[in-house]
Amino acid sequence: MLELQGHGGPVILDLLLKRVLALPDVRIARPGEFSERAFLNDKLDLAQAEAIADLIDASSEQAARSAMNSLQGAFSTRIHQLVEALTPPANLRGSGDRLPGRGNRLPVRR
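In our numbering, the protein residues as written are 14 to 123.
To be clear, the hints were calculated from the coordinates, so they are not data collected in a lab.
Quick caveat, the model's predicted, so the values are computed rather than measured.
Check the hints yourself; a few may be wrong.
[To be verified] No farther apart than 25 Å at their CA atoms in a straight line, the calculated lysine to aspartate or glutamate pairs in the DMTMM-like style are these:
hint, residue 1, residue 2
1, Lys56, Glu46
2, Lys31, Glu16
3, Lys56, Asp70
4, Lys56, Asp67
5, Lys56, Glu97
6, Lys31, Glu46
7, Lys56, Glu16
[Unchecked claim] Pair ranges (Cβ atoms, derived):
hint, residue 1, residue 2, range
8, Arg106, Leu26, 55 to 65 Å
9, Ala103, Glu46, 32 to 42 Å
10, Leu28, Arg91, 45 to 55 Å
11, Arg106, Leu30, 49 to 59 Å
12, Thr100, Leu15, 39 to 49 Å
13, Leu68, Ala35, 26 to 36 Å
14, Arg50, Arg78, 19 to 29 Å
15, Gly19, Phe47, 10 to 20 Å
16, Leu26, Glu97, 44 to 54 Å
17, Ala76, Gln18, 25 to 35 Å
18, Thr90, Asp70, 20 to 30 Å
19, Ser72, Arg43, 17 to 27 Å
20, Asp67, Leu95, 14 to 24 Å
No residue lacks a Cβ here, since even glycine has one placed at the ideal position from N, Cα and C.
Generate coordinates for the entire structure from the input sequences, incorporating the hints supplied.
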């Protein structure tokens with residue numbers, strides 16, 4: 014994988030791109046390919062990868078800010094906090110599976 018940046022006018026950059034693309038096994042990256050690779054290599058989570066597309070497609074300043082927050086991990090962090098808060102500690106998991114005399118049912122308060 015190679016990312017090229019060049020200085021100069023569009024003619025020079027066009028010539029450079031044509032030369033590079035003439036090499037064997039060289040192609041232009043597909044849209045979203047860098048984001049996909051980052052996700053597959055655990056550099057971004059799914060919400061962050063999708064936020065890149067949201068940022069590119071943003072039609073307002075608020076949409077761009079929201080996508081930027083997701084890209085920086087704000088959404089994922091909040092989701093992980095909620096999951097952690099809703100997940101019982103390991104020592105309590107399964108504690109109601111077999112209560113004496115009640116089968117597999119948990120007691121219900123009325």
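Which numbered hints fail: none
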